[in-house]
Every structure is written in structure tokens, then in C-alpha cells.
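With the hints as extra help, turn the sequences into a complete structure.
Here the protein sequences come in this chain order: B and H. Going left to right, the first sequence walks through residues 1 to 213 as UniProt numbering numbers them. Going left to right, the second sequence walks through residues 1 to 99 as UniProt numbering numbers them.
Everything labelled a hint here was simulated from the structure, so no lab data went into it. Check the hints yourself; a few may be wrong.
[Said to hold, decoys possible] Have a look at the derived ranges for each label pair, beta carbon to beta carbon:
1) H:Gly33 - B:Val146: 45 to 51 Å
2) H:Lys27 - B:Leu94: 22 to 28 Å
3) H:Leu3 - B:Ser173: 35 to 41 Å
Every residue gets a Cβ at the ideal spot worked out from N, C-alpha and C, and that includes glycine.
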Amino acid sequence: MSARHDAVRAGLGVGLAVGVSGLAFGAAAVTAGLSVAQACALSLFAFTGASQFALAGVVAGGGALVPGVAGALLLGARNGLYGLRLASVLPARLRVLTAHGVIDETSAVAFAHPGAARAGFYTTFAALYVTWNLTTFLAAVGASAVADPSVFGLDAVGPATFLALLWPRLKESPEDRKVALAGVVIALAATPFLPPGVPVLLAAAGALAVLVR
Amino acid sequence: MSLWWAVIATCVGCYLLKYAGLAAPRKLLDHPGVRRFATVVPVALLAALIAVQSFGQGFDWPRTAGLGAAVVALLLRAPFLLVLVVAALVTGLLRITGM
Chain B
1 MSARHDAVRA
11 GLGVGLAVGV
21 SGLAFGAAAV
31 TAGLSVAQAC
41 ALSLFAFTGA
51 SQFALAGVVA
61 GGGALVPGVA
71 GALLLGARNG
81 LYGLRLASVL
91 PARLRVLTAH
101 GVIDETSAVA
111 FAHPGAARAG
121 FYTTFAALYV
131 TWNLTTFLAA
141 VGASAVADPS
151 VFGLDAVGPA
161 TFLALLWPRL
171 KESPEDRKVA
181 LAGVVIALAA
191 TPFLPPGVPV
201 LLAAAGALAV
211 LVR
Chain H
1 MSLWWAVIAT
11 CVGCYLLKYA
21 GLAAPRKLLD
31 HPGVRRFATV
41 VPVALLAALI
51 AVQSFGQGFD
61 WPRTAGLGAA
71 VVALLLRAPF
81 LLVLVVAALV
91 TGLLRITGM
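Here it is in C-alpha cells:
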């Protein structure tokens with residue numbers, strides 16, 4: 001089997017499997033109080049799961065939107081770092097379009113197939129983009145048809161998503177476990193005193209304090 | 001700020017961050033501070049989001065149980081989507097049955 005074939009297969013698998021969790025985002029977004037159009041706009045144009053869930057989470061908390069957006073962008077900053085590493089294997093000519101696809105999953109597949117990084121990247125991007133947007137729309141429409149989505153436990157989907165995203169890091173690195181614990185403590189301690197969204201930023205600032213130490 | 005503005009700002013900002021990475025000089029990667037920022041800050045943010053979304057509006061037993069079920073699913077190496085389904089199912093079932 002050629003390296004290219006392997007990369008395409010991995011891209012399709014990851015793209016379809018992760019793309020289906022657009023169901024979770026669409027449902028969580030509408031449960032949080034976003035409209036179907038707003039949920040779909042985020043999946044079409046922000047197209048980076050953790051940031052989308054973060055914004056929806058702040059909206060759900062009835063929160064201050066400025067820190068909500070700031071949190072979403074801080075989470076999106078890691079895509080910039082993937083871009084730095086991907087720039088050498090992706091064509092500069094298509095950069096405006098290519099940039100939109102620089103996220104966790106496309107980067108992971110590209111890095112895992114150094115011989116066919118370009119094929120892996122674009123296959124994952126295409127499969128994930130189509131699936132993610134389709135399932136976002138379906139779940140957003142579905143959830144908006146339900147009077148009280150929290151009956152179905154959809155409010156547990158947001159935190160469970162973040163936990164699943166964080167899990168590999170918690171399993172591998174004791175230092176990351178400490179950072180995570182500090183984040184939880186800071187955020188919960190600050191929650192009664194600050195508007196929603198701000199405690200999460202404070203936790204990130206706490207992590208930065210650890211960095212410069 | 002209206003909700004639409006927040007949505008648009010997030011969309012534009014997320015795109016620009018992706019584009020900046022592709023267009024920036026590669027030397028930035030040699031800076032250890034940049035690497036550390038990109039690995040440590042998301043961990044703190046995600047952990048804080050889990051805490052706030054789970055317990056920020058008070059303790060809710062079905063939601064907490066759902067999150068616990070997600071932990072069990074992750075320990076059993078369940079795939080991503082199954083983890084989310086388990087969390088929603090456990091939370092929903094406990095609510096419907098009034099436990």
C-alpha cells in the first residue's frame with residue numbers, strides 16, 4: 001500500500017469520525033441559546049471545535065461575550081502553531097483556502113504521514129468539513145425542535161467534549177495534570193465573583209504565570 | 001455586544017489565527033516560549049471550561065453523573081463520539097427517571 005493511499009484512508013476515517021461530533025456541537029450550541037444560523041455560521045467559518053464549544057459554553061452561562069470570544073480565540077491560537085509547522089508541506093498558492101483547514105485533526109493526520117502530508121491534510125479537511133457542517137445543521141435543527149434539550153442530557157455534552165479533548169494530555173503528562181487542576185481550582189474559585197467567561201480566562205492567565213516562572 | 005457580533009468575531013479571529021501560522025516566519029517555532037504557550041494554555045482553558053460548565057451554575061447530580069460516566073468511557077478507551085453519547089444518555093436518563 002502506498003504512503004498516499006494510507007494518508008487518504010486515515011484522512012477519511014478521522015474526518016468522518018470526528019466530523020460526526022458536529023452533532024454534539026449543533027445540539028450544545030442551540031441548547032446554549034444560539035440560533036440554528038449562528039451555530040451553522042460558527043461551523044462554516046470558525047471551523048475549530050474547541051473554540052466553538054467554548055463560545056457556546058459562555059453563552060449557556062448567560063455570560064459576558066467579550067471574555068467568551070477571548071477564550072475561544074485563545075483556544076484557536078494553537079491552530080496558528082500547527083500552521084507554522086505545516087507551511088513547509090502545503091502549497092503556498094492555495095494559502096487563503098488551505099488556512100481554513102488548519103486544525104487539530106488535519107494537522108495530526110498530516111504529521112502522521114510525512115511521506116504524503118499534503119494528501120492526508122486535504123482529505124481530512126474535506127471529509128471533516130462536509131461532515132462537521134452537515135451534522136451541526138442536523139443537530140441544531142433537531143435540538144431547536146425540542147422544548148427543553150436539557151431533558152436529554154445535552155448539557156453534559158459540552159464538558160464531556162472538553163474532557164475527551166483533554167484526556168490524552170492528562171494521561172501522558174503529570175505536568176499537564178497539575179496545570180489542569182490549577183485551571184479547575186482557579187475557575188471555580190473565581191466563578192461566584194466574576195461574570196461568566198472571565199474565570200476561564202483567569203485560569204489561562206494562571207497557566208501563563210506558571211510559564212514565566 | 002450582541003450574540004451575532006460574538007459569532008462573527010470568533011469566526012474572523014479563528015481564521016486569522018490559522019492564516020497567521022501559515023504565513024508567519026518559521027523561526028517563531030524555535031522560540032521555546034511559543035511552543036510552551038501553545039501546549040500549556042489549552043490545557044488550563046479546557047480544564048477550566050469543564051469545571052465551569054459542569055459546576056458553574058451549581059451542583060447538578062445528573063450532569064455530574066454523566067461526566068463521571070464519560071470518565072469511565074475514556075478509561076475504557078471508548079471512541080470520542082461514544083464518550084459524548086454516554087455522558088448525554090446517563091444525564092438524560094437520570095433526569096427522566098428523577099433520580
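Take a look at whether the Cβ-Cβ distance between Leu3 (chain H) and Ser173 (chain B) falls inside 35 to 41 Å. 36 Å, holds
Taking 22 to 28 Å as the stated bounds, is the beta-carbon spacing between Lys27 (chain H) and Leu94 (chain B) within them? Since Lys27 (chain H) and Leu94 (chain B) have Cβ atoms about 23 Å apart, the given range 22 to 28 Å holds.
How does the Cβ-Cβ distance of Gly33 (chain H) and Val146 (chain B) compare with 45 to 51 Å: does it lie in that range? Holds, since Gly33 (chain H) and Val146 (chain B) (Cβ atoms, about 46 Å apart) stay within the stated range.
Comparing the model with each numbered hint stated earlier shows that all of them hold.
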